[in-house]
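Just so you know, the protein sequences line up as chains A and B, in that order.
Letter by letter, the first sequence follows residues 3 to 273 in the working numbering.
Letter by letter, the second sequence follows residues -15 to 376 in the working numbering.
In short, the hints are calculated from the structure, not lab data.
Hints are not guaranteed to be accurate.
Quick list of in silico lysine to any residue cross-link-like pairs, SDA-like style, CA-CA up to 20 angstroms [said to hold, decoys possible]: (1) A:K92 to A:P166; (2) B:K274 to A:P166; (3) B:K269 to A:N75.
Short derived list, chain A residues pointing at chain B, Cβ under 8 angstroms [what the hints assert, rightly or not]: (4) T77; (5) Y95; (6) R105; (7) S106; (8) G109; (9) M110; (10) Y128; (11) G129; (12) H133; (13) G134.
In this text the structure is predicted, and so the values were computed from the model without any measurement.
Glycine included, each C-beta is placed from N, C-alpha and C at the ideal position.
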Amino acid sequence: MNQMSTARATESNTQMVGERTTRISARKVNIYYGEKHAIKDLSIEIPDRSVSAFIGPSGCGKSTFLRAINRMNDTIEGCRLTGEVRLDDKNIYDKDVDVVQLRSHVGMVFQKPNPFPKSIFENVAYGPRIHGLAKNKTDLEEMVVASLKKAGLFEEVKDRLDAPGTGLSGGQQQRLCIARAIAVNPEVILMDEPCSALDPIATARIEELIDELRQNYCIVIVTHSMQQAARVSQLTAFFHLGTLVETGDTNSMFTNPRDKRTQDYITGRFG
Amino acid sequence: MILWSILIILAAAVGAFLFAKSQATTLQTANTGRLASLPGQHGLLAAAVAMLAGLAGVLVSIPFSTSFAWMMPVLGAAAATIAAFFTISRITPKWHARNKFEAIVMGVLIASSIVAILTTVGIFASVVFESVAFFRQVNIFEFLFTTQWSPTGTPPAFGFIPLLTGTLLITFIAIAVATPLGLFAAIFLAEYASPTLRRWMKPVLEMLAGIPTVVLGFFAALTVAPLIKHSGNAIGLDVASESALAAGLVMGMMIVPLISSLSDDIINAVPQSLRDGSYAMGATKSETIKRVVLPAALPGIMSAVMLAISRAIGETMIVVMAAGLAANLTFNPLAAVSTITVQIATLLVGDQEFDSAKTLSAFALGIVLFFITLALNYIAMRIVQRYRQAYD
């Protein structure tokens, strides 16, 4: 299993020959929850059109940093950030940045599938509606169908678009959430442990989907599963106790980690 | 004597508990093996059996209580002691006292719920019984379909339509006032208020619900009604000094905390993950509330409003004081109207002869009220079932 996934990771890496452009870059980021110092002096460059995985033991701050990229931490009381997070060379923590607009460029998929208590169609149409993306009804329908197709869900639900989204299976719900996120044409998709509530088959479906989406989006995924990181990502970042220990090419990171802590974690000595 | 009986039975139960427990403990130390039940469980069983037997003894003695008052405590104590000793004599290592005690506990719980159900059935039966007596004197069609209500007039008229319209008018005004106010307050409390603000604002709002309706009633009659009359007269409207509007407004204020408090809890129960999902799509706060939170909370909010309607229909004091007794058939909120509850209250205040149509009509009104609230509760239940969404 491990060898196979490493083999696949190598393969996808060889497809990505040459320099990738940097999409997101963080410089000296510190995040605090009240008194708690959750992220310490973090700097990272995240490339476009590839999958970057954040790994590390529970409570290491990887989700916290992920949520900093679309400023979802703003909704948590007492959460502060210093430093810069640049998306295409624009610091998203500048005063003139509109959070609502930012989040329409940086979509997010959560740990637990969270479809709205609406129909499948309305779930996907939600984003286009609030951002006024569709000119008319047919336009909206096309957008919904296209997003569902991109998320690999259309064939399964095409006969019941009016059925409630909450009635789908867990894996389908998560793909619905991905369809919902890509319906607003984001450039970046953040995924916070998107498969942790799913069974292995549904997980494999989502991983396949992530690999397809990589062609068009910058994807950042937080995962507890090192196999998953090895399978889907090109870049891996290892977090430990709020610091970014090591970043590197997924393949070399898993075969030849530079830091002792990374080595201990990926060989299963802690975490 | 009843007090003595209760004290004696309690003492017997405590004694039975201690004795049974010590017996079982002795048995436990004498026996190397474990008992099927713990000593404390043997004690609880003995105490429960003693108490039940004591109560049975007291019940048996009730027929003799007038001539032989001393029988009650004596019989109670005797029954409790005998039952306790019988239970204690059965303590063996294999005796499952725990299961027996669990069965007694379940029996007590079932009995309690049956008391509540029987009370409802009893009240309903007595109201039905009296209503039947009323409908023997007055034609049911006259009651349901005519539009004159004057039970004390000569000849008396018993058409309840004006009371129904009065009730509906005042309830409608109250709900029209309370639903937006209560809902907006709930949205503010649940979504916008800081935790500190919410911590003191919610109790203060709920305090409004704690004001006795009599107080709200004279506030309506002495402050709100004259205010409406004067301002109405100032712009050339003919306003009665006791108006449906005054009663409805104050009743609306009364149910604002009911709606706001329930809706606040319901909105809070909408999972944060749904809000996060919406914010992550780039939705603003108000879009999230309008398009995700409120639709998800809607069934609960509907049932809160239905509960408020039931409360408003059954409310008496405010209407007695502020809306008047004149049973006018009108939908003019500035006129005086009367409601079903007001008529029931006035018909039964003071000494009454219980066979006249005038008094019995109160029971007929009661049954109508009962069916209206029953229908409302049923509708509320159907709405909730129809639109309930599973969040997980």
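Hint by hint, here is what the structure shows:
1. Between A:K92 and A:P166 the CA atoms are separated by roughly 39 angstroms; this puts the pair beyond 20 angstroms, and the hint is violated.
2. A hinted pair counts as satisfied when its Cα atoms are at most 20 angstroms apart, and B:K274 with A:P166 qualifies at roughly 18 angstroms.
3. For the given pair, B:K269 sits about 15 angstroms from A:N75 by alpha-carbon distance, which is consistent with the 20 angstroms threshold.
4. The criterion of a C-beta within 8 angstroms of any C-beta in chain B is met by A:T77, whose closest approach is roughly 6 angstroms, and the hint holds.
5. Checking A:Y95 against chain B by beta carbon gives a least distance of about 17 angstroms; that is not within 8 angstroms, so the hint is violated.
6. With 8 angstroms as the threshold, the beta carbon of A:R105 comes within range of chain B, its nearest partner Cβ sitting at about 4 angstroms, so the hint holds.
7. Interface restraint check: A:S106 against chain B, minimum CB-CB distance 3 angstroms, threshold 8 angstroms, status holds.
8. A hinted interface residue such as A:G109 counts as satisfied when its beta carbon comes closer than 8 angstroms to some beta carbon of chain B; here the least separation is about 7 angstroms, so the hint holds.
9. Residue-level restraint check for A:M110 holds (minimum Cβ-Cβ distance to chain B is 4 angstroms; threshold 8 angstroms).
10. Because the beta carbon of A:Y128 sits about 6 angstroms from the nearest beta carbon in chain B, less than 8 angstroms, this interface hint is met.
11. Given the 8 angstroms rule on beta carbons, the hint for A:G129 holds: about 5 angstroms separates it from the nearest Cβ of chain B.
12. A distance limit of 8 angstroms between C-beta atoms decides the matter here; for A:H133 the minimum to chain B is near 6 angstroms, and the interface restraint holds.
13. Given the 8 angstroms rule on beta carbons, the hint for A:G134 is violated: about 11 angstroms separates it from the nearest Cβ of chain B.
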